[in-house]
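Knowing the structure of chain A, use the given hints to seat chain W on it.
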Amino acid sequence: MNVEARDRLSATLRFIALAIFVVAFFLPLVSMVVTSLKRMDELYRVPAHIFPEKPVWENYSLAWTLVNFGKYLLNSILLTILYAVPAIMSSCFAGYAFSRFQVRESKVFFLLVLSTLMIPVMVTIMPLYMVMSRVGFVNQRGLWFIWGISGIPFIIFLFRQFFSTIPASFEESARMDGAGRFRIFFMIMFPLVQTGVIVAGIFAFQWSWSEFLMPVLFLSDEKSTLAIKITMGYADQKENLLYNIGMAGIVYYTLPLVIIFFALQKRFVAGLLAGGLKG
Amino acid sequence: MAGIARLGASPLERHKRVSFYIFLAPWIIGFLFLQVVPIAWGFVISLTNRSAFPVAIKFVGLKNYITLFQDADVLSSFWVSFVYTIFNTLIGVVTGFIFALLLDRELPGRGFFRTILYFPYMIPLVAVGWIFRIFLEKDTGFLNIMLVRLGILGSGVPWMQQSPMASILLLSFWQAGWSMIIFLGALSTVPKELYEVATIDGAGYGRRVRHIMLPLISPFIFFQLVMSFIYAMQAFIQPYIMNPRVIRGNWVMLNPPPNDTFFVMSRAYYIISGQHKFAYGMAMLWVLFAFVLVLTILFVKFGGFWVYTEADEKR
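Quick note, the sequences are listed as chains A and W, same order.
Sequential numbering from 18 applies to the first sequence in my numbering.
Sequential numbering from 1004 applies to the second sequence in my numbering.
Chain A extracted, bound-state conformation (with noise of 0.2 Å):
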């Protein structure tokens, strides 16, 4: 067999694998949006049928309305933009001064960071709520900034390889210029890692998205957000969960991130790869 008669062969096989895990993989959200289109009992009806007779669409304006929906995507939205900013902004600053700014001191810190890592996030989330209900600062979205403020330690590897690969020249003659060390930032660095701050953006949203433990300890129901609706899950008066109304409730909640994820994939990912691991 010629190379070029493998290489067609080898691709081939390739793509057939690929395309039975991708089927695979897409079984648990056909399963998702199929039982949210049924009604209860069709659900619990033996021998079940895949499909619904006929799709319950119904189940989706309950999934809004049964918890409130709309008062806690804004909650969610409005803690993501509290949370996701101060995260891009410290990270890239910190990344900023791990790269640009080496004194004998930097790696000890830059150690530091990593070893956050480590910490399992409980053992400082709830000593932290315990001292918090002691002073009496709990239900305040601005634990979420202080949050960001700290950073994301990938985020902050990530950054600091994106200004690695810009040349110094380009700060120093800014600085000929008499640009101060913010301006420099600023103007002209900042502006040059936008695919850092794309995978950065995109991980703040999809972390305080999803995020369980800090809402359920620090906000109250008034303040809370979907990621704790969702995993309450919907049920009746009797207490009988609801699993399809909560699917459309799912799908609801996955929604947004679905779509920041596809309108921004392509540079997500080629960040991901050019900037996290090239070190």
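Simulated from the structure, these hints should not be mistaken for laboratory data.
Mixed in with the good hints, there may be bad ones.
[To be verified] No farther apart than 25 Å at their CA atoms in a straight line, the calculated lysine-lysine pairs in the DSS-like style are these: (1) W:K1280 - W:K1061; (2) A:K283 - W:K1195; (3) W:K1280 - W:K1066; (4) A:K240 - A:K88; (5) W:K1141 - A:K255; (6) W:K1019 - A:K124; (7) W:K1066 - A:K71; (8) W:K1195 - A:K124.
[To be verified] For each label pair, taking beta carbons as the anchor points, the in silico distance ranges come out as: (9) A:G153 - W:F1062: 20 to 26 Å; (10) A:K240 - W:V1058: 26 to 32 Å; (11) A:M57 - W:M1168: 27 to 33 Å; (12) A:Q157 - W:I1119: 38 to 44 Å; (13) A:L129 - W:T1202: 42 to 48 Å; (14) A:G197 - W:I1101: 28 to 34 Å; (15) A:D24 - W:I1101: 35 to 41 Å; (16) W:Q1278 - A:D238: 34 to 40 Å; (17) W:G1209 - A:S132: 37 to 43 Å; (18) A:M57 - W:M1149: 18 to 24 Å; (19) A:I67 - W:F1226: 39 to 45 Å; (20) W:V1249 - A:L272: 25 to 31 Å; (21) A:G159 - W:V1058: 24 to 30 Å.
[Claimed, not checked] Some chain W residues flagged as far from chain A (calculated, every beta-carbon gap over 12 Å): (22) A1075; (23) S1166; (24) A1169; (25) E1196; (26) A1201; (27) P1259.
All values reported here derive from a predicted model rather than from experimental measurement.
Positions of the beta carbon are idealized from the N, C-alpha and C atoms, including for glycine.
Frame of chain A, contents of chain W only:
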């Protein structure tokens, strides 16, 4: 502070140091406020008898820790989490690596496959838990319906009740997209000439993977194993949502999962927020912290003997 003395050393050095601290300041503030202080406070709490109501608090020394190591439920949780972590890590790394291998070379629809296989990783864990809970239901779950239709099964299998751990591990497959991306990045760093030279020398695909690819990307595999270990030890919400028992009411966290899947973190959460045994829960978290720390350090120190050393500077 020694730094102050050195500040005047040279104007350039001074400017550098000032800039370094200015740009790192937000992180330092967050680190002190959200990591250092709570961790220290948590340790102090674990030495007391504190419960939800801070009355009559007194120091009890290491009593909580001693009780902990005699508590069969807690020990079983550590074991369960450990088993889960091992399997989760292996599944994630192996699946991600296979995906990356399949996608590494030219292929029609490569970008599409990469996106779709990464995609489940974007779905929040709490949603994933529910999606799979319903997917695996005995009579109504999509998986059973399909398998019965295809004639593979005679009747539906209660997956979650029969093998709760395996059901939770199914999520690790589904979310292997992250390690796939890491490995794709890793594979792109391997110089293509090396493969060509090896091919000319008559090395088949298997040998190229084993002797060229694996050694060169071993630092990434190592990194992935360590990170996955740290994260999996912290898994806590999955057992609550994929609880094989019937969940009633609309607050899944009120129904503790069975011992087979009661992870350390899930139990710590239950002890602290369900039973209000703050001090005991903190002690448990500290033992977990120490466990993760010690194992990670041991692994980094001694576990990396197979990592190709020339690539070490890259890490």
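Hint by hint, here is what the structure shows:
1. W:K1280 - W:K1061: With Cα atoms ~14 Å apart, W:K1280 and W:K1061 stay inside 25 Å; holds.
2. A:K283 - W:K1195: At roughly 24 Å apart (the allowed maximum being 25 Å), W:K1195 and A:K283 satisfy the hint.
3. W:K1280 - W:K1066: holds, 14 Å
4. A:K240 - A:K88: holds, 9 Å
5. W:K1141 - A:K255: Distance ~22 Å between W:K1141 and A:K255 Cα, so the pair holds.
6. W:K1019 - A:K124: holds, 14 Å
7. W:K1066 - A:K71: violated, 61 Å
8. W:K1195 - A:K124: violated, 33 Å
9. A:G153 - W:F1062: 20 to 26 Å: At 25 Å between Cβs, range holds.
10. A:K240 - W:V1058: 26 to 32 Å: holds, 28 Å
11. A:M57 - W:M1168: 27 to 33 Å: holds, 29 Å
12. A:Q157 - W:I1119: 38 to 44 Å: holds, 40 Å
13. A:L129 - W:T1202: 42 to 48 Å: Roughly 45 Å apart at Cβ, these two residues keep to the hinted range, so it holds.
14. A:G197 - W:I1101: 28 to 34 Å: violated, 51 Å
15. A:D24 - W:I1101: 35 to 41 Å: violated, 19 Å
16. W:Q1278 - A:D238: 34 to 40 Å: violated, 22 Å
17. W:G1209 - A:S132: 37 to 43 Å: Given range 37 to 43 Å: holds, Cβ gap about 39 Å.
18. A:M57 - W:M1149: 18 to 24 Å: holds, 21 Å
19. A:I67 - W:F1226: 39 to 45 Å: holds, 42 Å
20. W:V1249 - A:L272: 25 to 31 Å: At roughly 29 Å between Cβ atoms, A:L272 and W:V1249 fall inside 25 to 31 Å, so the hint holds.
21. A:G159 - W:V1058: 24 to 30 Å: holds, 29 Å
22. A1075: holds, 22 Å
23. S1166: Non-interface label on W:S1166 holds, nearest chain A Cβ at 17 Å vs cutoff 12 Å.
24. A1169: Non-interface label on W:A1169 holds, nearest chain A Cβ at 15 Å vs cutoff 12 Å.
25. E1196: holds, 17 Å
26. A1201: Check passes; 15 Å lies beyond 12 Å.
27. P1259: Label holds. Min Cβ-Cβ 15 Å, cutoff 12 Å.
In terms of the numbered hints stated before, the structure departs from hints 7, 8, 14, 15, 16, listed from lowest to highest.
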